[in-house]
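**Q** Residue numbers (this note's numbering), protein chains in the order written: chain A, 870 to 1102; chain B, 198 to 295.
None of these hints come from the bench; they were simulated from the model.
Some hints could be false.
Below, a list of computed lysine to any residue pairs in the SDA-like style, where the Cα atoms sit at most 20 Å apart [to be verified]:
1. A:K978 x B:G263
2. A:K978 x B:Y269
3. A:K911 x B:D224
4. A:K911 x B:L234
5. B:K259 x A:G976
6. A:K978 x B:T268
7. A:K911 x B:S273
8. A:K978 x B:D224
9. A:K978 x B:K248
10. B:K259 x A:T889
11. A:K911 x B:P229
12. B:K248 x A:L892
13. A:K911 x B:K259
14. B:K259 x A:V977
15. A:K978 x B:S273
16. A:K978 x B:D256
17. B:K259 x A:S979
18. B:K259 x A:S974
19. B:K248 x A:T889
20. A:K978 x B:E221
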Amino acid sequence: MNTSDGAAVSSTSESSLDDTLPLAPAEMLALLTEQQRTVTAKMGGFVPVIMATWGGAWLLGFGALWLIDGLRPAFSLPIAVAVGVFIAVLVVAIGASIWLGVRSSRGVKSGGGSDFSGTVYGVTWTAGSLAIGAIGGALVQNGLSPELANLFYPSIFIFFVGVMYIMAGAIWRAVPSVVAGGWLLLLAAVAPFLGYPWHYLLFALAGGLGFLAFSILGRNLLNGSREFTPAAA
Amino acid sequence: MDELDPVIHAQARLRIMATLATLEADDRIAFPRLQELLEMTAGNLSTHLRKLEEPAYVDITKSHRGRVPITYLSLSKKGRRAFEDYMDTLRTVLGAQP
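Please model the entire structure based on the sequences and the hints provided.
**A** Set out below in structure tokens:
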């Protein structure tokens, strides 16, 4: 233990009077359930925040790309501005995800099993993104028009993000992640049929607002669930 | 009917066991973070951890981050099993007297 015994003796005298005693079985079960619910909320509380961040990022980022040609002739956002906004919100959302993820797992040291899954999962994000970039590059080199590349890149990447969300849900047993991933797969498959620039509008609205909805849902699940099944069960 | 494990059957220790049980089997948690999750004083937590350490329910490992010593805690296999047994017994007891 990392505290001196002196501190232990002085501080337990008043607080241990009650908490060393058992309660009635029903109350003990309630205490157990309540404690695990609190821990889950504290450890997982960052997930809805990340979801909300991504919701805002999709809404703004894809919204900006849509505004390049979406409201012509009434309005057109310059390409440089739109792409700048898109990249900026992406960087902010990725940064926020990493920061929140690291913060929530502070003080927890992974053992062999979860460490391996986490590393493979993390590396797959990078490897998969690079592969998508390469595939797209090869298609462009072989004659894919810029118009079609405009449809291909976001759709294939969102397809990949959807698959990764589902994988995360499978690895860490998080149903909301599977649902969000499934939603993204659906969007990625439907959007190209709308054509440019309407696929961007679909990503902005259905994707962005979808993430915001998942965020609210997730927060309610974390705060409201009284029937959390202990991980040990 | 089985007896409820007296080591776990105390509010503070039940909360500690319940919290450690939410971790993945291989994961360990630093003392200050556990303290924060439980909202217990360091002294109180230490006392109860010592009682959980006696029957080897809790593994305590010490490591260093730079010069700062950090104590990491996790449920042992025996502890995890004892916690599961405790929950089973609790449910049996509750089922027997609705």
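**Q** Now tell me if each hint is right for this structure.
**A** Checked hints:
The straight-line distance between the Cα atoms of K978 of chain A and G263 of chain B is roughly 16 Å, inside the 20 Å bound, and the hint therefore holds. As the CA atoms of K978 of chain A and Y269 of chain B are separated by approximately 8 Å, the hinted pair is consistent with the 20 Å bound. Distance check on the hinted pair: K911 of chain A and D224 of chain B sit about 17 Å apart at the alpha-carbon level, within 20 Å; holds. With a C-alpha separation of about 7 Å, the suggested pair K911 of chain A and L234 of chain B falls inside the 20 Å cut-off, and the hint holds.
In summary, the hint linking K259 of chain B to G976 of chain A is supported, as the alpha carbons are separated by about 13 Å, within the 20 Å threshold. Taking the CA atoms of K978 of chain A and T268 of chain B, the gap is near 11 Å; set against the 20 Å cutoff, the hint holds. For the hint pairing K911 of chain A with S273 of chain B, the CA-to-CA distance comes to about 23 Å; that exceeds 20 Å, so the pair is violated. At most 20 Å may separate the alpha-carbon atoms for a hinted pair to count; K978 of chain A and D224 of chain B meet this at roughly 6 Å.
Distance check on the hinted pair: K978 of chain A and K248 of chain B sit about 23 Å apart at the alpha-carbon level, beyond 20 Å; violated. Only pairs whose Cα atoms come within 20 Å are accepted, and K259 of chain B paired with T889 of chain A is rejected, the gap being roughly 26 Å. This hinted pair checks out: K911 of chain A and P229 of chain B have alpha carbons roughly 14 Å apart, not beyond 20 Å. At roughly 19 Å between alpha-carbon atoms, K248 of chain B and L892 of chain A fall within 20 Å of each other, so this suggested pair holds.
Distance check on the hinted pair: K911 of chain A and K259 of chain B sit about 25 Å apart at the alpha-carbon level, beyond 20 Å; violated. A hinted pair counts as satisfied when its Cα atoms are at most 20 Å apart, and K259 of chain B with V977 of chain A qualifies at roughly 13 Å. As the CA atoms of K978 of chain A and S273 of chain B are separated by approximately 15 Å, the hinted pair is consistent with the 20 Å bound. At most 20 Å may separate the alpha-carbon atoms for a hinted pair to count; K978 of chain A and D256 of chain B meet this at roughly 13 Å.
For the proposed pair K259 of chain B and S979 of chain A, the alpha carbon gap of about 15 Å is at most 20 Å, so the pair holds. Proximity of K259 of chain B to S974 of chain A is assessed by CA-CA distance (about 19 Å); at most 20 Å being required, the pair is judged to hold. Only pairs whose Cα atoms come within 20 Å are accepted, and K248 of chain B paired with T889 of chain A is accepted, the gap being roughly 11 Å. At roughly 10 Å between alpha-carbon atoms, K978 of chain A and E221 of chain B fall within 20 Å of each other, so this suggested pair holds.
Checked against the numbered hints above, the structure breaks hints 7, 9, 10 and 13 and satisfies the rest.
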